[in-house]
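Asker: Keeping their order, the protein sequence lines are chains A and B. To convert, note that position 253 of the first sequence is 253 in our numbering; the numbers rise steadily by one, no gaps. To convert, note that position 159 of the second sequence is 159 in our numbering; the numbers rise steadily by one, no gaps.
Be aware that a few hints might be false.
With a Cα cut of at most 27 angstroms, we get these calculated DSSO-like pairs of lysine-lysine [what the hints assert, rightly or not]:
#1 A/196 <-> B/44
#2 A/157 <-> A/225
#3 B/264 <-> A/157
#4 B/218 <-> A/264
#5 A/184 <-> A/157
#6 A/264 <-> B/184
#7 A/218 <-> B/130
#8 A/245 <-> A/44
#9 B/184 <-> A/196
#10 B/196 <-> A/184
#11 A/225 <-> B/245
#12 A/225 <-> B/264
#13 B/225 <-> A/264
#14 A/130 <-> A/44
#15 B/184 <-> A/225
#16 A/126 <-> A/84
#17 B/44 <-> B/84
#18 A/225 <-> A/126
#19 A/157 <-> B/218
#20 B/196 <-> A/264
#21 B/157 <-> A/126
#22 B/157 <-> A/184
#23 B/218 <-> A/184
Since the hints were derived computationally from the structure, they do not count as laboratory data. Please read all numbers here as calculations on a predicted model, not as lab measurements.
There are 2 protein chains.
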Amino acid sequence: MAASFFTPVRLVGVIGSDCPFDLTQVFADRDVDLTGLEVRPQSKTFRWSGTYHDDMDSRTTDRLELNVLAEAPPRVPDSFKDSKFVFLANTSPRLQHQLLEQVQAPAFVSADTMNCWIEGHLDDLKALLKKIDCLIINEDEARMLANEHNLIRAGEKILDTGPGIVVIKKGESGSIMYSADGDKFILPAYPAAEVKDPTGAGDSFAGGFMGHLAQSGKTDFETLKAAIAYGTVVASFTIADFSLKGLTAINRNDIDSRLVMLRKLTQF
Amino acid sequence: MAASFFTPVRLVGVIGSDCPFDLTQVFADRDVDLTGLEVRPQSKTFRWSGTYHDDMDSRTTDRLELNVLAEAPPRVPDSFKDSKFVFLANTSPRLQHQLLEQVQAPAFVSADTMNCWIEGHLDDLKALLKKIDCLIINEDEARMLANEHNLIRAGEKILDTGPGIVVIKKGESGSIMYSADGDKFILPAYPAAEVKDPTGAGDSFAGGFMGHLAQSGKTDFETLKAAIAYGTVVASFTIADFSLKGLTAINRNDIDSRLVMLRKLTQF
């Protein structure tokens, strides 16, 4: 949904018959190709529930049901195999790897991950890190993965394990991007007076980031900087309401207007 | 020390005979006028000790001895009474008020404060807020003073109590500036791979901020933005070593070079 403001999107994923939404309806007005969406009647959809703490920034997982994500991965349709910009959303790193292998010649591959994979599937994750261009990860996970508290050193340690770009998301404090060439970029979050639900902020950030890269067709550091800014703006709309409401309420002009505001708020 | 990179400084303060440093030696090579420094042989110097937690960002006060700060304030020398840019460093708000009243016609007055004054001397602090142009405060204190967790709303609530400018310091996450005119500015901290001692970072930030304002002689929002950037850079040198070592090791060129780097790291 987040990336579809910028570029046509090809979705690959798997849900069970218990999914409470009709995704063809959800994406009806979007340039999102659902050929890669598989519904498994005998399976249950992935579920997560958690508690956000008083700062709406840190959260605790209360319940995690992998369900269909613990099964075989969905198949990448033949018509998707020439995709150039690939985002491997958070799931088991082995499964991310299997999906990536089905894409013929990607130009730029980003992946997200999560504490449970760092704790329980570190070898798979390390293998994946050698295959991707960019890891997008939150600050607690970055510290855990690098075994290093200082975020500057943590980012540099993760760069040493494979990806040429590392993006560390810091919630309300924004994000930092590191490149293996030694470039860095730091951008605050868009200031929000009201945060209704941070769930999906990180995915929206990644969607805006990848969407801008795919639209521009470039991955030089200046383009990556702008992509971080777009990701920041898209996430700021997501957290203003529950579920996808923050994104379905806006259009591309709203995103571009807020990008202008973000520049005014941060440039000196 | 921090402000003296930018402008001549007039210091007003009071210490006891137990002060372990000869301040005339410490400031020997600086354009810092110590006429307003009073040594009270019968008194003990203010002391603070605390513990920094693993993120080097949050800290706990272990011991606080007001000592000489609980006595009568120092006198502002006649030769200082025409000062235009005044920084009231953290001390009792009643004492800050008494000091400010001795300055004839200040152009821009900033003040710092601390949790113990918000908790124990709130009426004095509220009276002070109506007399100053700018409050510089850290995020926990801002939340406490505004009784509001969201920092955007907290900043706006503090603006309503008097100062036209509020600066909230967020340690490693940088700072946010709010103006009563509705302008905002957000700047990340300069990324530090090594933090030896954050003590004094906030004071160095305020020193760089006020130093730049005094040097430029202006307080429009664009100048205030640049002042935030200078404060950020000066603080980044302070935390790299203990005591004043981070600042005595550098010169104005180092500050300007790092400002160029900070712009490169944050502008898109």
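Asker: All the hints need checking, so say for each whether the structure fits it.
Answerer: Results for each hint:
Of the pairs offered as hints, the one joining residue 196 of chain A and residue 44 of chain B is violated, with about 51 angstroms between alpha carbons and a cut-off of 27 angstroms exceeded. Annotation: proposed proximity of residue 157 of chain A to residue 225 of chain A holds, straight-line Cα distance about 21 angstroms (limit 27 angstroms). For the given pair, residue 264 of chain B sits about 22 angstroms from residue 157 of chain A by alpha-carbon distance, which is consistent with the 27 angstroms threshold. With a CA separation close to 20 angstroms, the supplied pair residue 218 of chain B and residue 264 of chain A stays within the 27 angstroms bound.
A C-alpha spacing of about 14 angstroms is found between residue 184 of chain A and residue 157 of chain A, which places the hinted pair at or below 27 angstroms, so the restraint holds. For the proposed pair residue 264 of chain A and residue 184 of chain B, the alpha carbon gap of about 9 angstroms is at most 27 angstroms, so the pair holds. Between the alpha carbons of residue 218 of chain A and residue 130 of chain B the distance comes to roughly 52 angstroms, so the proposed pair goes past 27 angstroms and is violated. Restraint check for residue 245 of chain A and residue 44 of chain A: the C-alpha separation of about 24 angstroms stays at or below 27 angstroms, so the hint holds.
Taking the CA atoms of residue 184 of chain B and residue 196 of chain A, the gap is near 22 angstroms; set against the 27 angstroms cutoff, the hint holds. Taken as a hint, the residue 196 of chain B and residue 184 of chain A pair is honoured in the structure, with Cα atoms around 22 angstroms apart against an allowance of 27 angstroms. For the given pair, residue 225 of chain A sits about 35 angstroms from residue 245 of chain B by alpha-carbon distance, which is inconsistent with the 27 angstroms threshold. Using a Cα cut-off of 27 angstroms, the hinted pair residue 225 of chain A and residue 264 of chain B holds, with the two alpha carbons roughly 11 angstroms apart.
Simply put, residue 225 of chain B and residue 264 of chain A have alpha-carbon atoms about 11 angstroms apart, close enough for the 27 angstroms limit, and the pair holds. Distance hint between residue 130 of chain A and residue 44 of chain A is unfulfilled; the C-alpha atoms sit about 31 angstroms from each other, more than 27 angstroms. The suggested pairing of residue 184 of chain B with residue 225 of chain A holds, with an alpha-carbon distance near 21 angstroms, which does not exceed 27 angstroms. Under the criterion of a C-alpha separation no larger than 27 angstroms, the hint pairing residue 126 of chain A with residue 84 of chain A is consistent with the structure, at around 23 angstroms.
Restraint check: the Cα-Cα separation between residue 44 of chain B and residue 84 of chain B comes to about 31 angstroms, which exceeds 27 angstroms; the hinted pair is violated. Restraint check for residue 225 of chain A and residue 126 of chain A: the C-alpha separation of about 26 angstroms stays at or below 27 angstroms, so the hint holds. With a CA separation close to 43 angstroms, the supplied pair residue 157 of chain A and residue 218 of chain B exceeds the 27 angstroms bound. A C-alpha spacing of about 33 angstroms is found between residue 196 of chain B and residue 264 of chain A, which places the hinted pair above 27 angstroms, so the restraint is violated.
Distance check on the hinted pair: residue 157 of chain B and residue 126 of chain A sit about 47 angstroms apart at the alpha-carbon level, beyond 27 angstroms; violated. Between residue 157 of chain B and residue 184 of chain A, the direct Cα distance comes to roughly 34 angstroms. Violation of the 27 angstroms bound is thereby established for this hinted pair. Simply put, residue 218 of chain B and residue 184 of chain A have alpha-carbon atoms about 32 angstroms apart, too far for the 27 angstroms limit, and the pair is violated.
Violated hints for the displayed structure, listed by number in ascending order: 1, 7, 11, 14, 17, 19, 20, 21, 22, 23.
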